[in-house]
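Asker: Spelled out, the chains give:
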Amino acid sequence: MVATVSLPLRAQEQRKVTPVKPATNKVLTPPKGTDEKIIEQYLTGDTLNARAQERKDSLARIYPHYPTLTELAVGLNFGDALLMAFGQKYSSFDIHATLNMWNRFQPVLVVGLGRAKETPSDMNFTYTGKLSPYFKLGANYNFLFKKEPQYQLYAGVRLGGSFFKYDITDVNIDNPYWGEYGNSFALKGVSSNALWGEFLLGLKVGIAKAWALGWEAKFHGIFKEKKVASGKPWYIPGYGTRNGNWAFGISLYYTIPLSRDSWPIIEKKK
Amino acid sequence: MVKSLKHIALLALAVCATAVAVTSCNDNCMGNSSGIPLAAFYEDGQSVSVLNLTVYGIGAPNDSAIIRNKAATQVYLPLRTSTPSCEYVLDYNTEGMPNDTITFNYDIIPYFESRECGAMYNFDIKEFAYTQNAIDSISIPNSMITNSDVVTIKIFMK
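Chains H and A, in that order, give the protein sequences. Read left to right, the first sequence gives residues 1 to 270 (our numbering). Read left to right, the second sequence gives residues 271 to 428 (our numbering).
FYI, nobody ran anything at the bench for these hints, they're computed from the structure. Some hints here could point you the wrong way.
[What the hints assert, rightly or not] Computed from the model, here is a short list of chain H residues facing chain A with C-beta under 8 angstroms:
{"#": "1", "residue": "T68"}
{"#": "2", "residue": "N124"}
{"#": "3", "residue": "E180"}
{"#": "4", "residue": "G182"}
{"#": "5", "residue": "S230"}
[Said to hold, decoys possible] Okay, derived cross-link-like pairs now, BS3-like style, lysine-lysine, Cα gap no bigger than 30 angstroms in a straight line:
{"#": "6", "chain 1": "H", "residue 1": "K165", "chain 2": "H", "residue 2": "K209"}
{"#": "7", "chain 1": "H", "residue 1": "K227", "chain 2": "A", "residue 2": "K424"}
{"#": "8", "chain 1": "H", "residue 1": "K130", "chain 2": "H", "residue 2": "K32"}
{"#": "9", "chain 1": "H", "residue 1": "K226", "chain 2": "A", "residue 2": "K396"}
{"#": "10", "chain 1": "H", "residue 1": "K188", "chain 2": "H", "residue 2": "K232"}
{"#": "11", "chain 1": "H", "residue 1": "K146", "chain 2": "H", "residue 2": "K226"}
{"#": "12", "chain 1": "A", "residue 1": "K396", "chain 2": "A", "residue 2": "K424"}
{"#": "13", "chain 1": "H", "residue 1": "K209", "chain 2": "H", "residue 2": "K89"}
{"#": "14", "chain 1": "H", "residue 1": "K146", "chain 2": "H", "residue 2": "K224"}
{"#": "15", "chain 1": "A", "residue 1": "K428", "chain 2": "H", "residue 2": "K232"}
{"#": "16", "chain 1": "A", "residue 1": "K424", "chain 2": "H", "residue 2": "K188"}
{"#": "17", "chain 1": "A", "residue 1": "K396", "chain 2": "H", "residue 2": "K227"}
{"#": "18", "chain 1": "H", "residue 1": "K165", "chain 2": "H", "residue 2": "K146"}
{"#": "19", "chain 1": "H", "residue 1": "K232", "chain 2": "A", "residue 2": "K340"}
{"#": "20", "chain 1": "H", "residue 1": "K146", "chain 2": "H", "residue 2": "K232"}
{"#": "21", "chain 1": "H", "residue 1": "K227", "chain 2": "H", "residue 2": "K146"}
{"#": "22", "chain 1": "H", "residue 1": "K117", "chain 2": "H", "residue 2": "K32"}
{"#": "23", "chain 1": "A", "residue 1": "K340", "chain 2": "A", "residue 2": "K428"}
We treat Cβ as the ideally placed atom computed from N, Cα and C, and that holds for glycine.
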C-alpha cells in the first residue's frame with residue numbers, strides 16, 4: 001500500500017518518476033532487445049535516465065549520426081576521355097575534392113584543364129581551344145545520409161570559371177556574287193573568360209574497399225562571359241560547348257575515411 | 271539497397287550512352303552562312319513590292335544581277351569583301367524613271383559565329399549615300415550587318 005502525502009513541491013526539486021504505474025502497481029519492463037546497461041538502469045530505479053538513453057539509442061538506429069568530418073573523397077573526372085573515343089572533339093579533365101560532412105553536406109572543389117580541336121568537315125574553319133585551366137566550387141546534398149557513405153545519391157550546385165584562349169584558323173570564305181573566292185583570315189590567341197553555374201544530380205557507388213565510381217548529369221548555363229568583337233567561343237574549358245545546357249560526367253573516387261571510430265554501426269537487414 | 275543502386279548505376283550508364291549519342295548530333299545554323307544585308311522596300315510606312323526591278327552591283331563579274339526584271343519586296347545585297355565599299359544600282363525598267371544608286375562604305379570584321387554557322391565577315395556600315403530618283407530615303411537602324419536573317423536596310427520609295 002502506498003501512502004500519499006501532499007507536500008508543497010519546490011521549483012528547484014527534480015521530479016522523480018518511479019517504474020511503477022500507480023493505478024496497477026505494475027512494474028514497467030523495458031522493450032525487447034534493450035541494451036543491458038539500460039536494463040540495469042531500469043532495475044536500479046533510474047527510469048528517467050534509462051528512458052532517455054533508450055530513446056537516444058532508438059533514434060540512432062533510425063537516424064545514424066555521422067561525425068562532422070565523415071570522409072574525404074578525391075575524384076578524377078574521365079567522362080570526356082570516354083566521349084572522345086566516340087568522336088567528341090573536346091575534353092576537360094579535372095580532379096575534385098569532396099569533404100563529406102555528417103554524410104549529408106559535401107563542399108566540393110574542382111580544378112581541371114580543358115582543350116578542344118575541331119575541323120568540321122562541312123565547315124570553313126579550324127577551332128583550337130588551347131589547354132586552359134578551370135575551377136568549380138560548390139556543394140552536394142546526399143539524400144542517402146542514413147546509409148553508408150559508400151553509396152550516395154546527391155544533388156549539387158557548382159559555380160565554375162575559366163580563363164582561356166582560342167584560335168580560329170584555316171578560314172575560307174567565298175563571295176560568289178562579287179567573284180571573290182578564297183578569302184581567308186585567322187583569329188589567333190583570342191582571350192576570353194566565362195563564369196557559369198551548374199545544377200547536378202549524381203550517383204556514387206563503392207566498387208572496392210576505398211574506390212567508388214560516380215556519375216553526374218549536369219544542367220548548366222553561362223552567367224557572364226567576356227565580350228569579344230570577333231565572336232563567342234565554341235568551347236569553354238570545364239563547361240563544354242555552348243550549344244545545349246546538358247553535360248555528363250563519370251568519375252573515379254578514392255575515399256579517405258575521417259573519424260572512422262565515430263561512424264555509427266548500421267545493422268543490415270537479414 | 272545495394273541492388274537498387276546497381277540498377278541506378280546501370281541507368282546511369284544508359285544515360286551516358288545517350289550523352290554519346292547526343293554529342294554526335296549537331297544543331298543547324300539558324301542564320302545565314304555569312305554577314306549579308308537584307309534590304310526591304312517601303313512606301314508610306316508599308317511594305318511595298320517594286321515591279322520590274324533589276325538590282326546589280328557595279329563591278330560584279332559578267333554584269334551579273336541579284337534580280338533581273340522582277341517584282342520584289344526584299345532583296346539581299348551582298349557586300350564586297352576585298353574592298354571596304356561597294357555600289358548597287360536599282361534599275362526600275364520603267365520609261366522616264368532613271369536608275370538609283372546606293373553606295374556603302376564599311377569596315378570588314380572577321381567573325382566566328384558558331385560551330386554550325388562557321389566563320390564569316392560581319393560589316394559595320396560607316397556611311398552610305400544614294401540618289402533620289404525613285405528613292406525617298408534609306409534607313410539603316412543597326413549599322414552592324416551580321417548573318418541574322420532580318421531586314422537591315424529600309425528603302426523608302428517616293
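Asker: Now, for every hint given, state plainly whether the structure supports it.
Answerer: Comparing the hints with the structure gives:
1. T68: violated, 24 angstroms
2. N124: holds, 5 angstroms
3. E180: holds, 5 angstroms
4. G182: Violated, because the Cβ-Cβ distance from G182 (chain H) to chain A comes to roughly 11 angstroms (cut-off 8 angstroms).
5. S230: S230 (chain H) check passes; min Cβ-Cβ to chain A is 6 angstroms, inside 8 angstroms.
6. H:K165 to H:K209: Not satisfied, since the Cα-Cα distance of roughly 41 angstroms exceeds 30 angstroms.
7. H:K227 to A:K424: holds, 29 angstroms
8. H:K130 to H:K32: This hinted pair is violated, its Cα atoms lying about 67 angstroms apart.
9. H:K226 to A:K396: At roughly 25 angstroms apart (the allowed maximum being 30 angstroms), K396 (chain A) and K226 (chain H) satisfy the hint.
10. H:K188 to H:K232: holds, 14 angstroms
11. H:K146 to H:K226: violated, 44 angstroms
12. A:K396 to A:K424: holds, 16 angstroms
13. H:K209 to H:K89: violated, 35 angstroms
14. H:K146 to H:K224: This hinted pair is violated, its Cα atoms lying about 38 angstroms apart.
15. A:K428 to H:K232: Violated: K428 (chain A) and K232 (chain H) sit about 41 angstroms apart, past 30 angstroms.
16. A:K424 to H:K188: violated, 36 angstroms
17. A:K396 to H:K227: holds, 22 angstroms
18. H:K165 to H:K146: At roughly 45 angstroms apart (the allowed maximum being 30 angstroms), K146 (chain H) and K165 (chain H) break the hint.
19. H:K232 to A:K340: Since the Cα atoms of K232 (chain H) and K340 (chain A) sit roughly 39 angstroms apart, the hinted pair is violated (cutoff 30 angstroms).
20. H:K146 to H:K232: violated, 46 angstroms
21. H:K227 to H:K146: violated, 47 angstroms
22. H:K117 to H:K32: Given that 30 angstroms is the threshold and the Cα spacing comes to 68 angstroms, the pair is violated.
23. A:K340 to A:K428: Holds - the C-alpha atoms of K428 (chain A) and K340 (chain A) are around 19 angstroms apart, at most 30 angstroms.
Checked against the numbered hints listed earlier, the structure breaks hints 1, 4, 6, 8, 11, 13, 14, 15, 16, 18, 19, 20, 21 and 22; every other hint is satisfied.
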